[in-house]
Amino acid sequence: MNSYRSLEAIQSDLSAEIIDMPSLVNHYLQRIEETVDLNIFLEVFKSEILDKAAAVQSKIKAGNAGKLAGMVIAIKDNICYKDHKISASSKILKDFESLYSATAINRLLAEDALIIGRVNCDEFAMGGSNENSAYGPVKNPVNKDYVPGGSSGGSAAAVAADCCLVALGSDTGGSIRQPASFCGVVGIKPTYGRISRHGLIAFASSFDQIGPLSQSVSDAALVLEIMAGKDSMDTTSSSQKVDAYSDFSENPKPLKIGFIQECLDSKSLDPEVKESQLKLIEQLRAEGHTVDPVRLEELDYLVPTYYVLTTAEASSNLSRYDGIHYGYRSSAATDIESTYLKSRTEGFGKEVKRRIMLGSFVLSAGYYDAYYGKAQKVRRLIKEKTESLFEDYDLLLSPTTPATAFKFGANMDDPIKMYLEDIFTVHANLVGTPAISLPLFKHSKSGLPFGAQFMSAAFNEKLLLDFSHNLMNIVALKA
Amino acid sequence: MEVDDKLIDKLASLSKLEFKADEKEAIKKDMARMLSFFEQLTEINTDGLEPLIHINPETNVYRADKITEELSQAQALKNGPNHDSFYFKVPKVVENKD
Numbered sequence: 001m002n003s004y005r006s007l008e009a010i011q012s013d014l015s016a017e018i019i020d021m022p023s024l025v026n027h028y029l030q031r032i033e034e035t036v037d038l039n040i041f042l043e044v045f046k047s048e049i050l051d052k053a054a055a056v057q058s059k060i061k062a063g064n065a066g067k068l069a070g071m072v073i074a075i076k077d078n079i080c081y082k083d084h085k086i087s088a089s090s091k092i093l094k095d096f097e098s099l100y101s102a103t104a105i106n107r108l109l110a111e112d113a114l115i116i117g118r119v120n121c122d123e124f125a126m127g128g129s130n131e132n133s134a135y136g137p138v139k140n141p142v143n144k145d146y147v148p149g150g151s152s153g154g155s156a157a158a159v160a161a162d163c164c165l166v167a168l169g170s171d172t173g174g175s176i177r178q179p180a181s182f183c184g185v186v187g188i189k190p191t192y193g194r195i196s197r198h199g200l201i202a203f204a205s206s207f208d209q210i211g212p213l214s215q216s217v218s219d220a221a222l223v224l225e226i227m228a229g230k231d232s233m234d235t236t237s238s239s240q241k242v243d244a245y246s247d248f249s250e251n252p253k254p255l256k257i258g259f260i261q262e263c264l265d266s267k268s269l270d271p272e273v274k275e276s277q278l279k280l281i282e283q284l285r286a287e288g289h290t291v292d293p294v295r296l297e298e299l300d301y302l303v304p305t306y307y308v309l310t311t312a313e314a315s316s317n318l319s320r321y322d323g324i325h326y327g328y329r330s331s332a333a334t335d336i337e338s339t340y341l342k343s344r345t346e347g348f349g350k351e352v353k354r355r356i357m358l359g360s361f362v363l364s365a366g367y368y369d370a371y372y373g374k375a376q377k378v379r380r381l382i383k384e385k386t387e388s389l390f391e392d393y394d395l396l397l398s399p400t401t402p403a404t405a406f407k408f409g410a411n412m413d414d415p416i417k418m419y420l421e422d423i424f425t426v427h428a429n430l431v432g433t434p435a436i437s438l439p440l441f442k443h444s445k446s447g448l449p450f451g452a453q454f455m456s457a458a459f460n461e462k463l464l465l466d467f468s469h470n471l472m473n474i475v476a477l478k479a
Numbered sequence: 001m002e003v004d005d006k007l008i009d010k011l012a013s014l015s016k017l018e019f020k021a022d023e024k025e026a027i028k029k030d031m032a033r034m035l036s037f038f039e040q041l042t043e044i045n046t047d048g049l050e051p052l053i054h055i056n057p058e059t060n061v062y063r064a065d066k067i068t069e070e071l072s073q074a075q076a077l078k079n080g081p082n083h084d085s086f087y088f089k090v091p092k093v094v095e096n097k098d
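Line by line, the protein sequences give chains A and B. Take the first sequence: its letters are residues 1 to 479, numbered as in the UniProt record's numbering. Take the second sequence: its letters are residues 1 to 98, numbered as in the UniProt record's numbering.
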């Protein structure tokens, strides 16, 4: 079977009876087997997915199948699926089984999507290379010597390796967009509150969002549209109306796009990534868009602000892992204090412990105002500044990442170097706006893919996706 | 900001984590680097700005105060590392006085 790049193509072949659901699922199961050395899947739901595929096939025949009939999805190992295991790629949640499904999952299942398995990620979604998983790193399908990015590294690799059509990831500081860029797929982080976080294992609750990774913008738009919307189980989910993202406008109008000058001047920027941005700017101008430089003088402060706030939220969120209510308990525990201490010390990996310690520091008496309180004020400053940019511009453009994927171990001894990988992506999480990474480029030396990132104002996914869909179509026509 | 053993011990105690001697040296070094990285933020003037706490602008999200049974007792206990039919089991917490 050919690999499919959009649900539209699959549904057209299903209705023409060129393929059926069991053969489609078997294709993905075979791809998972062929790519087992990439360590993408922590578990494949093999026995049940074939039964479910047959059920969807009957619905297609009866003419009452849901909008996502034919879509096979992999889920990041931090999104709950009832009666299935979930571990956040951590030893501390080994053998944990979800008691309920995430709202996002329920909405996809209601439209007849099939979930093929759960995929590897950095432990508790903390990392940018997938090297922090308790179950070993994922390898980049484009070149196995390189990381797939993180933390949704398994999700990006699963889509790039054709093990599923769409994967769900979560994005706290770039964890969907950076691996999407490194693996050459589409990845979008929606507006904060656009998708319910109910059933997403919490890392930093004022930053986390679920989002799709896919081959096509149209699939990302459709999945987003179905997952989005108010949920009584998450009070931070927005009650704003969900637009029909997948109903792309035929005649997109010229937009005003600002490219962030500081991103292009960033010292960590690969020269070829810069060159490609400049060419993209010219191309967008040639297509009739207005593209101007805009200033974000605070760029260098984004990553420190992000890490103060997210480590604080993580240290609080991860206090629930106590060795008592669920998950791992150390066999060395002899009393209540050692139950906490030993279970957490043996259950969490190095990076998670580092972030819990930092979070405890910035929240502790005597340091709270100087670190945590200060970062919250800087967050407001950045949010107000960004909102003022969106008064004049429809979209903001930057590279998704300063460079392409790096080799395993390259950033492991220097946490700050690893954290600076997020320099262009944390912006959208700090201010809550949506941002998409589009797989537009390939590095001439390594052949590795890299993306361009577009950001819109909050709850303006419609405009962002319309534009992205159109841009990818133009690129495909030229290729 | 100096990161010494005393600070690491205090944070480890707050975090309910333990560090062996060699791990302690590594985390001390990492923390010192990270905290000086954080200290860049003092360069930004934030006078007159309120801390940003809630990202979603909606306030006062109400719902009816209705009792629903989301999880049964058996389900709630299911993932506990040690439990019987009614309780999570833990090592002895309260000591006899005599």
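Misleading hints may appear alongside valid ones.
Derived DSS-like pairs (lysine-lysine); straight-line CA-CA distance at most 25 Å [to be verified]:
hint: 1; chain 1: B; residue 1: K66; chain 2: A; residue 2: K342
hint: 2; chain 1: B; residue 1: K66; chain 2: A; residue 2: K350
hint: 3; chain 1: B; residue 1: K78; chain 2: A; residue 2: K94
hint: 4; chain 1: B; residue 1: K29; chain 2: A; residue 2: K350
hint: 5; chain 1: A; residue 1: K407; chain 2: A; residue 2: K442
hint: 6; chain 1: A; residue 1: K417; chain 2: A; residue 2: K267
hint: 7; chain 1: A; residue 1: K230; chain 2: A; residue 2: K383
Simulated restraints on C-beta separations [unchecked claim]:
hint: 8; chain 1: B; residue 1: H54; chain 2: A; residue 2: N26; range: 43 to 49 Å
hint: 9; chain 1: B; residue 1: P51; chain 2: A; residue 2: S232; range: 24 to 30 Å
hint: 10; chain 1: A; residue 1: A370; chain 2: B; residue 2: P57; range: 23 to 29 Å
hint: 11; chain 1: B; residue 1: A26; chain 2: A; residue 2: D247; range: 49 to 55 Å
hint: 12; chain 1: B; residue 1: L71; chain 2: A; residue 2: K478; range: 29 to 35 Å
hint: 13; chain 1: A; residue 1: A476; chain 2: B; residue 2: N82; range: 54 to 60 Å
hint: 14; chain 1: A; residue 1: K144; chain 2: B; residue 2: N79; range: 33 to 39 Å
Chain A regions said to be covered by chain B (calculated; three or more residues, Cβ under 8 Å) [stated by the list, open to error]:
hint: 15; region: 27-41
hint: 16; region: 307-319
hint: 17; region: 374-385
FYI, nobody ran anything at the bench for these hints, they're computed from the structure. Please read all numbers here as calculations on a predicted model, not as lab measurements. Each residue gets a CB set at the ideal place from its N, CA and C atoms; glycine is no exception.
Q | Hints violated by the structure (listed by number, smallest first) | A | 1, 2, 12 and 15
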